[in-house]
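Asks: One-letter residues, chain by chain:
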Amino acid sequence: LRSADDDEGFRTFASERLPHLRRVAFLICGDWHLADDAVSTVLVKLYTRWNQLGSVRNLDGYVRTMLVRAVIDERRRPWRREETMTALPDTGPSAGGEQLDHLILRDALARMPPRRRAVLVLRYFEGLTVEETAQAMGCAEGTVKSQTARALASLRDLLPAEDLLLEGS
Amino acid sequence: VTERLRELFEDLLVDEPEPNFTIDEVVQDGYEEQHKWQRRRPMLVGVAAAVVFLLAGIVARSWNGDEDLVTRSGGWSTTSSPTTAERPASSTTAAPSTTTPSTTATSATTTSATSATTASDPPAGGGGGGGGGGGEELLPDPGFEASPPGWDDFGPSTVLAVSSAARNGRHALAVTTRAGGPERVVTGTTNDPVEVTTTSGVRYTGTCWVRSAQAIEVRVQLQEYTADWVRSGDPTPSNPVALSDPGRWYQVGVTHTGSGDGHLLPLTVFTDDVFSGDAPLLVDDCSLTAG
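The listed protein sequences correspond, in order, to chains A and B.
Counting in the numbering used here, the first sequence runs from 134 upward without gaps.
Counting in the numbering used here, the second sequence runs from 520 upward without gaps.
Okay, chain A solo, but in the shape it has when bound:
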């Protein structure tokens, strides 16, 4: 039966994590609408399982794995490979170095395969370890490392060296 207390626990958790989950989803897919779709799908699923989650020790990790699957899996099917980053905020033309980096990163992210983009977001936006990233992505740690290296290499090529000293990270 539905208990008000359980709902309360879910509501607190969901409201607390909502902004962060949306940002992670957005950075991976580049579209706020799709990000909202993915996050609401994940939260609805989480609600239906909320009472069976007693044994899940790392709830954030569990939700993150669900979210990454929801965002990437549907978007990397072969016929969905059209440009995904079209809806990123358009800040307009600007000559400032700050703005330029912004645009360069946006383009670089748009050109990356979704899984590589997700690795980058999880590691450098969420600040996860290689192990945690591998868990969220459902892949081996070696894959996370090689995807990170490739992503950083492509960024390093694009950004001025003095701005992005990513060697050895």
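Hints may be right or wrong, so weigh each one.
Unchecked claim - What the simulated footprint calls covered on chain B by chain A, stretch by stretch (three residues with Cβ under 8 Å from a Cβ of chain A suffice, anywhere in the stretch; the number is not a length):
#1 681–694
#2 764–775
Claimed, not checked - Just a sample of chain B residues kept apart from chain A, beta carbon distances all over 10 Å, derived:
#3 Gly654
#4 Gly720
#5 Asp780
Read the hints as simulated data drawn from the structure, not as lab findings.
No residue lacks a Cβ here, since even glycine has one placed at the ideal position from N, Cα and C.
Use these hints to put chain B onto chain A, whose structure you have.
Replies: Same frame as chain A, now just chain B:
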């Protein structure tokens, strides 16, 4: 060192809009999701008598229509004559159906190999239930009759519901989406839990019967995953089948040859032509067989 990258990510978030949903809506949707199968049950009991009464007529009518498709789908994996010769009744009904455009025919032509072993193994059986006559049915809930259901959503905004507009049995699955477009979003269903594990080199045939009030295109696909759910290789999708006649069930199928041993093999049926508010994609009598 990595601070710079984090700052750049945060720059990308400057124009963050308000969410297009609330936690209240999530709780509401979640509650309905949790209870939709139970809620439907008393209602279905109530109309059971009417359904049973109508079923005889519907089955009798769809039987003839199905027969055409089965014969033509037989042509997909069996180019040899013995199979069709064994079913003279089917081949006679097939003659008038050749006027139908071939694009609407069953489309599992993505793999072309036709060996003698598969030729004697018609995937749709004799036109009865899902995979009656072929190999053993590998799906635990091929006809969407189980509770809880053996199917989960596929696609970020997919909504699944039970439908009584069944092709066989009491239920079909109605697949809709919350995605409003204009961008196309994949909407469909995939069987869950997955109990099928592959054997390298074995041919797997997945089929579903689909219907819609709108002229949408539908595909099925098979995708291998390792035991811990990492994708192995690319998915094998079927060609799209156009559901041009709203009153008719179409069969869509695909064959996939196992590339590894012990891989999980879910069957997925999906479209990217459905948007929020559109007529649902109805799915019934799916089948997954080996050999």
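Asks: Please go over all the hints and tell whether each is borne out by the structure.
Replies: Hint by hint, here is what the structure shows:
no.	hint	result
1	681–694	violated (count 0)
2	764–775	violated (count 0)
3	Gly654	holds (27 Å)
4	Gly720	holds (24 Å)
5	Asp780	holds (19 Å)
In this structure, the hints that do not hold are numbers 1, 2, in rising order.
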